[in-house]
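2 protein chains.
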Amino acid sequence: MTLTLTPISRIPVVNPGDDLVVLINEGLKRDDISLKHGDILVVAQKIISKSEGRAVNLASVRPSQEAIDLAQKIAKDPRLTELILQESSSVLRTRPGTIIVEHRLGFVCANAGIDHSNVGASNKSEQWVLLLPEDPDASARRLRERLEENSDVSLGVLIIDSHGRAWRMGTAGVAIGFSGIPGLVDMRGQTDLFGYTLEITQVGAADELASAASLVMGQAAEGRPVVHVRGFPYDLREGQFNELIRPEHEDLFR
Amino acid sequence: MTLTLTPISRIPVVNPGDDLVVLINEGLKRDDISLKHGDILVVAQKIISKSEGRAVNLASVRPSQEAIDLAQKIAKDPRLTELILQESSSVLRTRPGTIIVEHRLGFVCANAGIDHSNVGASNKSEQWVLLLPEDPDASARRLRERLEENSDVSLGVLIIDSHGRAWRMGTAGVAIGFSGIPGLVDMRGQTDLFGYTLEITQVGAADELASAASLVMGQAAEGRPVVHVRGFPYDLREGQFNELIRPEHEDLFR
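For the protein sequence lines, the chains are A and B, in the order given. Per the working numbering, numbering of the first sequence is gapless, rising by one per residue and ending at 990. Per the working numbering, numbering of the second sequence is gapless, rising by one per residue and ending at 990.
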């Protein structure tokens with residue numbers, strides 16, 4: 737079966753309070769896509785965050801002494817450093833310009849996923865940044881419920897971001913929240929063609945789909961923040977995002 | 737533009753010396769796919785390794801004292817441990833059953849990517865394992881040249897494996913060699929919708945495509961080891977695999 741990933745065309749720039757379901761449904765209609773059972777919509781975290789009002793004007797941030805000290809050490813804006821610390825449960829590593837943290841949502845990423853680009857201040861002298869959604873699983877669930885109501889089919893919704901990786905250059909799309917899809921697909925107990933039990937026991941299916949969709953979204957374009965997926969090869973189920981988080985005591989690389 | 741990933745149907749079990757170009761061309765014909773300019777064929781490392789005779793009978797391996805000592809410490813077969821050390825340039829971490837290494841090909845992975853499954857011994861009491869290809873970039877280049885000759889169009893070829901990750905559970909498809917595609921796509925100098933310079937400067941496009949194709953291949957099935965890709969959104973070019981390797985001195989997680 738073919739897996740197809742189609743960016744929804746001409747999703748407009750999203751502003752706080754915008755209803756993404758309306759924007760997505762308008763896009764699907766424009767592109768003549770009618771949702772079928774098992775389809776998945778992959779949404780860039782950026783438009784979730786913007787619609788949920790997660791943009792912060794750096795002028796409004798008062799950095800703590802901890803943030804001021806760290807910011808000086810790594811040559812970063814102390815106000816941005818403050819936001820990164822607020823959004824994180826711990827700091828793993830630092831280097832000039834970058835703080836690798838465990839985000840309060842559980843995953844490890846650079847600078848708490850806080851983004852400068854495509855935030856769009858009304859006044860060019862203002863500096864706005866965008867925090868990740870408060871609760872991406874809940875955002876995904878709300879989107880999914882309303883998209884399912886409108887379409888009368890079972891869907892999955894996946895919210896993705898682009899993260900750097902240990903050991904390898906370049907970013908890759910990863911899941912930060914979802915509803916109605918598996919995080920991991922468990923292959924334990926399955927045997928290979930020759931009857932050996934498989935050594936690879938769990939596939940990070942939600943992350944693999946996130947990378948696939950990220951490829952289609954590109955990076956510069958807020959113009960392609962929603963991707964329609966058909967042909968996801970695993971059964972849909974009520975996955976939990978924290979399936980994807982390696983427990984700290986099992987992690988050799990913290 | 738839609739990205740489509742289609743597994744080639746009924747690729748037979750591959751044996752040493754088999755000509756993958758013949759198997760792929762037969763599959764494409766059977767599935768009525770004619771290659772077009774810019775198409776990419778993604779191939780599982782397993783069938784590359786098998787066709788290149790990279791299966792090793794563990795009975796033929798004589799472990800060094802270093803391998804015997806390490807094997808005892810982590811409760812692993814000393815012969816397999818020997819092969820892992822031979823295939824690696826350094827050991828990063830160990831835990832029971834697992835050795836995280838820098839593979840001689842440059843990337844970090846568990847157990848030097850040596851696989852037990854789907855190797856298929858003629859005698860069930862024999863234990864065979866499969867090493868990664870000697871030079872996956874060269875394997876990809878050879879495949880590509882012959883596929884291009886046959887089809888008279890410009891193609892990409894990507895060889896993938898499934899790796900575990902730091903911080904996250906589950907495996908994801910990653911590139912281990914390629915020809916005719918970019919490893920990284922550089923976004924530096926591009927600006928966002930509002931004129932800010934992008935912070936994400938390099939996308940691991942080959943790895944994102946590897947994850948996408950891995951999703952379609954599944955894990956158990958040697959039956960879907962080749963995926964035809966149409967609509968890759970970036971320009972094809974002569975990428976180098978080592979674009980994807982983070983230099984050790986820049987890596988905070990070794």
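These are computed hints drawn from the structure, not numbers from a lab. Careful: at least some of the hints might be erroneous.
Intra- or inter-copy, both count: the list cannot distinguish identical chains.
[Stated by the list, open to error] Below, a list of computed lysine to aspartate or glutamate pairs in the EDC-like style, where the Cα atoms sit at most 20 Å apart:
no. : residue 1 : residue 2
1   : Lys809    : Asp987
2   : Lys809    : Glu885
3   : Lys812    : Glu986
4   : Lys809    : Glu986
5   : Lys809    : Asp873
6   : Lys809    : Glu881
7   : Lys809    : Glu788
8   : Lys812    : Glu984
9   : Lys812    : Glu870
10  : Lys812    : Asp754
11  : Lys765    : Asp871
12  : Lys772    : Asp888
13  : Lys809    : Asp768
14  : Lys765    : Glu884
15  : Lys812    : Asp767
Of the hints given before, which are not true for this structure? 2, 5, 6, 7, 8, 9, 10, 11, 13 and 15
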